[in-house]
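Going down the list, the protein sequences come from chains A and B.
For the first sequence, counting from 1, position 46 maps to 46 in the working numbering; every step adds exactly one.
For the second sequence, counting from 1, position 53 maps to 53 in the working numbering; every step adds exactly one.
When the alpha-carbon atoms are kept at most 30 Å apart in a straight line, the in silico DSBU-like pairs for lysine-lysine are as follows:
hint, chain 1, residue 1, chain 2, residue 2
1, A, 234, B, 152
2, B, 319, A, 106
3, B, 64, A, 53
4, B, 293, A, 232
These are computed hints drawn from the structure, not numbers from a lab.
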Amino acid sequence: MKLFRFNSIQSNIAAAFAFLIVLTAIVISISSYQLSSIAARRTAQEYTTELIKQLNLNIQTYITNMENISMLVMNNRNVREYLTSLNGMNTEEISDFLQSISVSRKDISSIALFGEEGYWVSDRKDVQLNPNITVKMMPWYQDAADADGEIVISSSQVQPIFQEYPWVVSLSREIRGPGGEQTLGILLVDMNFSVLNDIFDQIDLGKRGYVFIVDNNGNIVYHPQQQLIYSKLKEERINEVLEDQSGSFITDEGGQSRMYSIQDTGFGWKIVGVSYLDELVSNKRDMQISFLALGMISLILALGVSFFLSRKLTRPINQLQEHMKEVEKGNFDIQVPVDSTREIGRLARTFNIMVLRIKELMSQVVKEQEFKRKSEISVLQAQINPHFLYNTLDSIVWMAEAKKSEEVVLMTSALARLFRSSISKGRELVSIQTEVEHITNYLTIQQMRYRDKLEFQIDVDPEILQCLTLKILLQPLVENAIYHGIKNKSGIGIITIRGHQDQDEVIFHVIDNGVGMDETTIVRILSNQASSESRGMGVANVHERIQLYFGNAFGLRYESELDVGTSVIIRIPKIGPEIMDRWRAKE
Amino acid sequence: MKWFKRIIIAILIITFLFVVYKGLSVLPGNIIKQRYEITVVIKSMEPSMEFWQVLVDGVEVAAKEFDVNVTVTGPPNESEIDEQIRIVDEAIKARPDAIVMAATDYNRLVPAALAAKKKGILLITIDSGINSEVADSFIATDNFEAGRKAGKAMADNLEVSAKVAIISFVQGTATQIDRESGVLASLEEAGITVMGTYYSDGVEGKAYQITRELSEKHDDLRGIVGLNETSTVGAGKAIRDLGLAGQIQLIGFDSSINEVKLLEEGVMQATVVQKPFNMGYLGIKTAVEALRKERIPDIIDTGSVIITKDNMYMDENQKLLFPFVEK
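With the rest of the complex left out, here is chain B (with noise of 0.2 Å):
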């Protein structure tokens, strides 16, 4: 009889065993692990920027997926920089298990994402990046990619020798200087010649004025390519205005109505539009993926699209080009 011991010892074990196995592993499920708080701090909270409240729809609905608890910050404006850092600052008292941050200033906001991985926070840097390796993953536009593919829509409209200049925003950004040399490129490649970069400051009016005073002195300006919303709309209203639609080819970033309608009525002959909404997803999944221990890429590409008035009602564009967005 004594095997008959020896099993029905190993079957008491075995059942004990696996009742306090089952009981650790059902018991923290419950009362110990909580789900992940994840701060995310965009640049701008203004409600009007379609941009920011489409990749907030994305976060919105990574979080709804991934069941984490998520916190959406920043400052109301894109420069309040100072703002931003002080935001930072307080959500890194918070503790929570990760930041995901769309830096407004690429140098500044470093100490505060120094500060954060001290603390042992996960962060992941989206749409614009720091001056820093310390971030656990970047999730971007391609903006070189970008910057070429409409400097090849722009080449695909025009012939080889003409002449073209480039309307960009505030010089110095990473953006800005990733989608330039990107259109520089391509229309490099294509032998297009760059008559030079201006810059509008990201004011629409001085965007209009340099567009004005470019097809006054240059009679031979065929193309401007705007490197963003407000110098694109600049230039598309300068174009309309001065009667030069069809005759200097428009190649803008981003959207707007102001685009659309430029896109409509034939002044801009394309636009490349990034996804916000997939920046904000992956933004919370990879943040997600990071905190249970998976590997995750160093740098996302999110990716960009070239928007003609051809393709502009297509299902797949629609919802890049009018975001839709519940008021």
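The shape of chain A in the complex, shown without the other chains (with noise of 0.2 Å):
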């Protein structure tokens, strides 16, 4: 579950590219499906239109059709004859005329002819006028006297003149003498509504979508909903339709929203085919589930993509960080190889470098330890001396023998002080004026066994014995003194030991009026190439100590003039009293 904790760089970068993939690809499916679904219902809306246009020209053909029907019969020299003469003996003529024109059509109920007298014909001789009803008196009568002439057509309505009561949709015209003054008679062409009713629901304006006809007074020709429009069920927006001039509009009712598309036929009737929006985009669904099916395999896609980048980015980071759990453990002896990426080649390379560094560092301290270890031991050599030791034993037995009592106890009590002040217990550093009792113990006691030929002379400044130093600093120096310098010489030999400071610093002088050395004796003693002597050993041992103690820019110089002396200079930092506080406050 590495991958899901957010405070891996893996992670984090596969969460961003997931991110922003997904945001891309969610932006472009939204934005590229509201585009083609505008331009689907565009389309869609073209269509419905064109639809309307073209059954509104179906209809207008098929009425055209029947105006001619109708001024065939008009212009029928008999019909006029008939209308004229006031004659009924030819009606068989007129009606076997008017029955050749409509037998071929099933779609004309029936054609009829009533003069103003009240006679009539009709194409069929088997009907009876419905005794019932006036003429006169029937809607589409009247509107075609009034109408000078011109074609009148009629709603969809019941045609109860042969009281055979079929739906029809009447065409009725007025028909008038040569002069145009005169009233002949009105022509009536009823046309089945059937035939009307089977071209609308021909139009397929979607599941629910649906042709209605209103004529220009808001009066409904058809609708397939008329009974629950006037039973107040439904509400049709007829007087919308009526006001509109731009041939569609688009109502707002939601997911409901309807556009209605009107043609006016030119002869009265406005069609209008409804469609509800969410039905003309049909393949609204399908556009959903695709653009949803796209988004779904982005989003995979964006997590796999992401998945394997930021892999391939971290992999680098977590080879090194291998690496470097390697050295964690100890292993100095790695190499990163050095990736192509070059950011995390470079942080190879420098950490390539640095592991090589710790590793020499790390050989360094081994070494600088290897040599304290032994510098400790030449120290515990330089203080317990065997030499130094018997030679003093030596000396004090004499004086035993020669019975010089208060002498054996001076250099007893000073080989004691001298022990007594070494012990330091384990520390490394002591006190200057430790050091100085020390040294002067230790003098004390070569200058018995040296009696007239040593002399010596202490001289530090009180301000520094609490200072610390290390210990048993100035002994292998005074050492070095007596044997290389005095012990040669004919007459009194002095040492003199001054302790100052100077600024931050300790610094001592052992000086001798020896038989002095020269520079390669110097080079020698210092350079640890004494090593077969012991106590050159110590001169080189000191200065090694001093440098891996207080670093490089401590430590001793000879200057030296044979047969004048010889003055070592000791630099050490100063180190106050606190420190040695602190020290013995760790223990």
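Fit chain to chain and form the complex, with the hints in mind.
This is the structure in structure tokens:
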């Protein structure tokens, strides 16, 4: 579950990538869905409008046909003769003529002529006029009479004149005499409404879409839900249809919004196609699904790609981390392969250098530790130098034999103090006072041994007595001065020890007036070359110990002149007594 | 950068939920959810029964509008009660979402209705109900109100002292009882005497016979109310043949070519017509609403209209009087 812990670079990168890709995918999906649904809707609207236009055209053609039929009848000579002559004799002939027109057309319910005087003829010989109605009172008759010879088209209605009550659309027209003044009669062509109904039914405006027709007065000519509207169970937007100029409008009913496409037939009808917007875009669902699928795929892709990319990016980091773990365990003998990625490569290179450096430092530390151990041993040796001890004890024995009891006491107590002062509880640093006491005791013993040959002088600034110094620092130098400088000298050798502070440093001088040394001897003494000789090693050891403890800025410096004497200058940092206190507290 | 991470996590989660939600809402809509299946059981499949044909028209218009699958079935004839019971049982086996039923018998369809409800099928009764509360809604003409209208039309044409007879069809049917009590109530209000109710058993000839006998026996008979189409037409033909048009007022129920002729001739003064189209339409609409867990009324009155010679050709009445049925 490492992937989902959000504190790893990999998961962060993965999340960022996924986020970006998903966001882009969503934005693109939504916008393209919007765009394509708008486009689809526009196409559907155009299609609907075109459909209604076509329907309008069909109906117009149909009505024009009917008009032509009416013209055919009107201009027939026999018909005109029949109407003008007021002669009912040739009724049969006229009826035959009318029948010849209607027989081939199923859509014509009946054709009839009604004279002003009440006589009539129709295309059917077997029908009787409904005795209970007055033809002249029928709306189609009156409308035609009022229309100045223009064609009148009725709403869909029941035609009761032959007591058959078919649903028809009536086309009626006044027939006038030659002068245009005289009314001869009315021509009625009844069209079977089922034919129109079939035409409307063929129009597919979606599952719920429908077509309806209103006349200019807002009366419904045809509506599939006419009864619901009359019963007020439904409302139709007839007023809006009548007022509309543009040919189409869309209602604002949310998910139930409808588009009205309106076409004017030119003879008083408006044909209105109503389609539901959510159905117009019939493949809306498909579009939604495909865009959703697209979104899903891009989500999966995003997760995959981001996972892959983040893995690729973080692999060298992880590799580096693995190596670091190795180093952590203590294995410094590894080198991280420098990866091709520049940043990580750089990091790896730096890391490699660092490991190398650590390795070097470690070996250095090991060496230093080894040296420290050695130097401790040499300090111990210096402290408890067996030669010095048995020489001193020899001297005490001699003095005792010579009954010089006072001197025996002096020497023995000096020896005792010497050892006591060198007991430093294992501490490397002791106060300068302790060191001075130590060297005093040492010189006291040596003076008693080299009775007339050695004198010494100790002059240490009391202010620095409480400061710290390495222990057994002066003894090897003094020892060296005695054995190499004064011992071989004729006359009295004088050893002077001075101590003072110089700013942050404490400087000791060990000065003798012995035989002195040449350059090579000085170099040899300071370097570790004189290892065979324990004394020489003592001096070099002091130098190295100072440098080890206080750094290379400190140490010993020899100034020597043959037959004049030697001066050793010891520089150590000034370490105040408070450090001592701290160490004590620690212990 | 913690907030940044949190925002990213939040957005990812929201996106994921959105996608899942969308997926769940769109996919089942297309794949799982089907359209409601509604079975409509009518009283007669006979094509000449215009009332039922118009009702089926209403059913089909509603089916189209509400996007449901409708199966219309029923016995060939109104009198075949056993056949209708069998058809309803058959329909229950098909497990539709709803059954819209016009019961041929007030009592005998009750077990079938109970069986449907037991299967969890929504039940709507139309036109003729059943002797049970089990139906979720009853959609029909308020026959008592229709009867009142008929009675009032009669009373408007008569003087207070006039005597009136009622010719009903089958004794004991709910429709007949309601219409009769409606007529009686309004005539009583107008102070008109009702000689009695006579039963034609739905046979035109019998109504004719009854009318002839009544008019011969009672000189003072001034009105007849026919409670259904056959009773009315029988009575009307008798009045016409006896030459008593105008002398004996006739108020009828329902519509047919014969009734239209009687209206035009002036033999019949008015007829009360129902609205089968609306009944069929509302049957489906109510069923769909109930299936969508909307509240529906227990009873819906589809209404009735009184039609006279004067208003018979008005646009809104033509469709009721002359049902436009595609042949």
